[in-house]
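Assemble chains E, B, Z, X and R onto chain Y, guided by the hints.
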Amino acid sequence: MLHLINKSPFERNALDSCLRLAQDSHAVLLFEDAVVAAMDGSAQAECLQEAMNRLSVYVLGPDLEARGLPKERIVEGLEVIDYDRFVALTCEHDTTQSWL
Amino acid sequence: MLHLINKSPFERNALDSCLRLAQDSHAVLLFEDAVVAAMDGSAQAECLQEAMNRLSVYVLGPDLEARGLPKERIVEGLEVIDYDRFVALTCEHDTTQSWL
Amino acid sequence: MKFGIVVNEGPYQHQASDSAYQFARAALAAGHEIFRVFFYHDGVNNGTRLTVPPQDDRNIVERWSELATENELDLVLCVAAAQRRGLLDEGEAQRNGKDADNIAPGFRISGLGQLIEAAVQSDRLVTFGD
Amino acid sequence: MKFGIVVNEGPYQHQASDSAYQFARAALAAGHEIFRVFFYHDGVNNGTRLTVPPQDDRNIVERWSELATENELDLVLCVAAAQRRGLLDEGEAQRNGKDADNIAPGFRISGLGQLIEAAVQSDRLVTFGD
Amino acid sequence: MSEEGTIKKLMYVNRKAPYGTIYALESLEVVLIGAAFDQDVCLAFLDDGVFQLTEGQNTDGIGMKNFSKTYTALGDYEVTRIYVERESLEARGLSETDLQELTYEDEDDDWAEKPSLHIVGSDELAQLMAEQDVVFSF
Amino acid sequence: MSEEGTIKKLMYVNRKAPYGTIYALESLEVVLIGAAFDQDVCLAFLDDGVFQLTEGQNTDGIGMKNFSKTYTALGDYEVTRIYVERESLEARGLSETDLQELTYEDEDDDWAEKPSLHIVGSDELAQLMAEQDVVFSF
Numbered sequence: 001m002l003h004l005i006n007k008s009p010f011e012r013n014a015l016d017s018c019l020r021l022a023q024d025s026h027a028v029l030l031f032e033d034a035v036v037a038a039m040d041g042s043a044q045a046e047c048l049q050e051a052m053n054r055l056s057v058y059v060l061g062p063d064l065e066a067r068g069l070p071k072e073r074i075v076e077g078l079e080v081i082d083y084d085r086f087v088a089l090t091c092e093h094d095t096t097q098s099w100l
Numbered sequence: 001m002l003h004l005i006n007k008s009p010f011e012r013n014a015l016d017s018c019l020r021l022a023q024d025s026h027a028v029l030l031f032e033d034a035v036v037a038a039m040d041g042s043a044q045a046e047c048l049q050e051a052m053n054r055l056s057v058y059v060l061g062p063d064l065e066a067r068g069l070p071k072e073r074i075v076e077g078l079e080v081i082d083y084d085r086f087v088a089l090t091c092e093h094d095t096t097q098s099w100l
Numbered sequence: 001m002k003f004g005i006v007v008n009e010g011p012y013q014h015q016a017s018d019s020a021y022q023f024a025r026a027a028l029a030a031g032h033e034i035f036r037v038f039f040y041h042d043g044v045n046n047g048t049r050l051t052v053p054p055q056d057d058r059n060i061v062e063r064w065s066e067l068a069t070e071n072e073l074d075l076v077l078c079v080a081a082a083q084r085r086g087l088l089d090e091g092e093a094q095r096n097g098k099d100a101d102n103i104a105p106g107f108r109i110s111g112l113g114q115l116i117e118a119a120v121q122s123d124r125l126v127t128f129g130d
Numbered sequence: 001m002k003f004g005i006v007v008n009e010g011p012y013q014h015q016a017s018d019s020a021y022q023f024a025r026a027a028l029a030a031g032h033e034i035f036r037v038f039f040y041h042d043g044v045n046n047g048t049r050l051t052v053p054p055q056d057d058r059n060i061v062e063r064w065s066e067l068a069t070e071n072e073l074d075l076v077l078c079v080a081a082a083q084r085r086g087l088l089d090e091g092e093a094q095r096n097g098k099d100a101d102n103i104a105p106g107f108r109i110s111g112l113g114q115l116i117e118a119a120v121q122s123d124r125l126v127t128f129g130d
Numbered sequence: 001m002s003e004e005g006t007i008k009k010l011m012y013v014n015r016k017a018p019y020g021t022i023y024a025l026e027s028l029e030v031v032l033i034g035a036a037f038d039q040d041v042c043l044a045f046l047d048d049g050v051f052q053l054t055e056g057q058n059t060d061g062i063g064m065k066n067f068s069k070t071y072t073a074l075g076d077y078e079v080t081r082i083y084v085e086r087e088s089l090e091a092r093g094l095s096e097t098d099l100q101e102l103t104y105e106d107e108d109d110d111w112a113e114k115p116s117l118h119i120v121g122s123d124e125l126a127q128l129m130a131e132q133d134v135v136f137s138f
Numbered sequence: 001m002s003e004e005g006t007i008k009k010l011m012y013v014n015r016k017a018p019y020g021t022i023y024a025l026e027s028l029e030v031v032l033i034g035a036a037f038d039q040d041v042c043l044a045f046l047d048d049g050v051f052q053l054t055e056g057q058n059t060d061g062i063g064m065k066n067f068s069k070t071y072t073a074l075g076d077y078e079v080t081r082i083y084v085e086r087e088s089l090e091a092r093g094l095s096e097t098d099l100q101e102l103t104y105e106d107e108d109d110d111w112a113e114k115p116s117l118h119i120v121g122s123d124e125l126a127q128l129m130a131e132q133d134v135v136f137s138f
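Chains as they are written, first to last, in my numbering: chain Y, 1 to 100; chain E, 1 to 100; chain B, 1 to 130; chain Z, 1 to 130; chain X, 1 to 138; chain R, 1 to 138.
Pulled out of the complex, with its shape left as it was, chain Y reads as follows:
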């Protein structure tokens, strides 16, 4: 399953709830305002790193760039993707769940 998160974890509980209920080996894509979760050294970084031990976590590059967040500053191991890869990810996973 591919989990879509579009909300900042500083503002809402969507990422928290997703991580509570996502199964090992599921994938998570951070996009829209959720890309702020990717910043290294943030209060959310540790939680994200822990999640990356059991889940594949991606972040949408165009949304990072819009918010002025440089790729060099994000949590190590996070994969930055574009819209083409976003589409490909939805193909690779049978089901997509949006955490609105």
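Don't take each hint at face value.
[What the hints assert, rightly or not] Within a straight-line C-alpha distance of at most 27 angstroms, the following computed DSS-like cross-link-like pairs (lysine-lysine) qualify:
1. Lys71/Y to Lys65/R
2. Lys2/Z to Lys9/X
3. Lys9/R to Lys2/B
4. Lys9/X to Lys71/E
5. Lys98/Z to Lys8/X
6. Lys9/R to Lys114/R
7. Lys69/X to Lys71/E
8. Lys65/X to Lys2/Z
9. Lys2/B to Lys8/R
10. Lys69/R to Lys71/Y
11. Lys98/B to Lys2/Z
[Unchecked claim] To spell it out: a stretch of chain B is covered by chain X in this simulated footprint if at least three of its residues, at any positions, have a beta carbon under 8 angstroms from a beta carbon of chain X; those stretches are:
12. 64-70
13. 88-102
Calculated from the structure, these hints are not laboratory results. For glycine and all other residues, C-beta sits at the position ideal for the given N, C-alpha and C.
Chains E, B, Z, X and R in isolation, oriented as in the chain Y frame:
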């Protein structure tokens, strides 16, 4: 100052931020989805009780009733008010701040 | 007291417009004056006369129109926010080459200066939103 | 792959409609089929032809209309959500005694069954919202 | 009404409190329409979505339509699997007794009335979610 | 344009990230219009609002209008007091060097260029908020 909170503290950071920045003796009104913060025995109750030591905290009755939350079950000392009192509170305080 | 009221979300999707309406009614009932209700962001969607809500539900737009008529309320939609979202009065429609308009009775379209003016002229500004 | 896309928020206020559009374009460019784009909740507001966005900004509604024409996309506004929020086509306007309609080219209004059908018939359903 | 005989597992995920936003009501509208499609349907209530199911909702004071009784009619629409996350209830100071009773009549068991509401832990809910073909998010 | 000479303390409070929602852009539109009213204006950026001020925003990939350069023009509109909460920055892995430089020319000091952006702690921000006559929330 009267602080208006209309978001559930389980979903968003509005109440948190408000409590971080509200000065002693300010007032806080919980309404709309924020009334769920009023439930006794919830994970937010302790934080609310602490806030009540230095702030006046009110909760809008009509919004409690809509969500099926009985007045007998809310945190002790919280004042349940109606729309008339809501208007009166905005008069008693020089400024109203909405934490959207 | 003289109140300014700001509504930042559209009808039905969020409770903001409902809460603002209940607040406005209570304020009027208590003898207060409402200097202006300013609709900003998606709040401009409260001003469309094309809504057809279910028969067993409240009609949010009509309720505002009626409250405005009964109490001579000034209901203002922000023009910039309204244009983005497709809320037009007859003049705006003509100026922009549109073949229809959709503003409801009792509402008018004006600039953001009306919001600042409401903030400065009112004793209290109360904002309802998401 | 056959995609169903759901858009739950209106234009400009949230990024949902923008993200859905970028996703749809990328999917089409990769040779995938889009079975339907279903607009629900405030998402129905994407279907108004009365928007006049600033000249230096994107025109969200027009972009959807053009994408639909170029790719024979099926853009559906939920009728119940649309009625609540004031989105009408000519037929709906007549049936409900309204003097104007506001639906944009390339969009049609239909029932919620179209959402379930999109979920069942598509290989993937992807939802964009608040 | 299912086309080409496709039967999918559909889950409606409800995470928002009622009335503050319209998602609860419009989710219910999808569920009712969707019931005609003969799919394998279940509902999940978690996070603030658990407040949608509370007993005794009264919207007179806010002037909005009270749609809470519709949940009790879901059984008539053959929506018989409704899951509520225990952890979400507990964090909000609620328990099962605060929720409406939701039941259905089992046609395979002489129309015996059975509970359709099930309180499940996060682990079980996670398992159920992972099995779905389609997830509707509200 | 101030009427009857009223001068109020107005604060614009920005708590949301840019682009995910329109609040940042439409807040800026109010600030620019409001500048003509000769009121005592300041801006506060806290919570995810601090992301509105980051340097190097590039919206080409999302097809939206990049309005970040408008913040640097605020000085020309005599908006000279912009407060950013330090605690919000730190929690998000940001520091002052990640933000755009915002300045104004001080007409009372031979048009010397001065910083309009001030990083303040929660205590100071709380104090500033408490002094306002009107708070606009975005």
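query: Straight-line Cα separation of Lys98/Z and Lys8/X no greater than 27 angstroms?
result: Distance of about 40 angstroms is beyond 27 angstroms: violated.
27 angstroms limit on alpha-carbon distance, applied to hinted pair Lys71/Y and Lys65/R: 21 angstroms, holds
query: Can the restraint linking Lys98/B and Lys2/Z be considered satisfied, given a maximum Cα separation of 27 angstroms?
result: 36 angstroms, violated
message: At least three residues with a C-beta closer than 8 angstroms to a C-beta of chain X: is that true for the region 64-70 of chain B?
response: violated (count 0)
query: Given as covered by chain X, does the region 88-102 of chain B meet the bar of three residues or more with CB within less than 8 angstroms?
result: violated (count 0)
task: Would you mind confirming whether the straight-line C-alpha gap from Lys69/R to Lys71/Y stays at or under 27 angstroms?
output: Roughly 21 angstroms between the alpha carbons, so the hint for Lys69/R and Lys71/Y holds.
message: With the threshold set at 27 angstroms, check whether the alpha-carbon distance from Lys9/R to Lys114/R stays at or below it.
response: 22 angstroms, holds
Pair hint outcome, Lys69/X versus Lys71/E [Cα-Cα no greater than 27 angstroms]: 21 angstroms, holds
- prompt: Are Lys65/X and Lys2/Z close enough, with their CA atoms no more than 27 angstroms apart?
  reply: With a Cα-Cα distance of about 38 angstroms, the restraint between Lys65/X and Lys2/Z is violated, given a limit of 27 angstroms.
message: For a C-alpha distance cap of 27 angstroms, please report whether Lys9/X and Lys71/E respect it.
response: Since the Cα atoms of Lys9/X and Lys71/E sit roughly 40 angstroms apart, the hinted pair is violated (cutoff 27 angstroms).
query: CA of Lys9/R to CA of Lys2/B, is that 27 angstroms or under?
result: 18 angstroms, holds
- prompt: Does Lys2/B pair with Lys8/R here, judged by a C-alpha cut-off of 27 angstroms?
  reply: 15 angstroms, holds
When the structure is compared with the earlier hints, violations turn up for hints 4, 5, 8, 11, 12, 13 and for no others.
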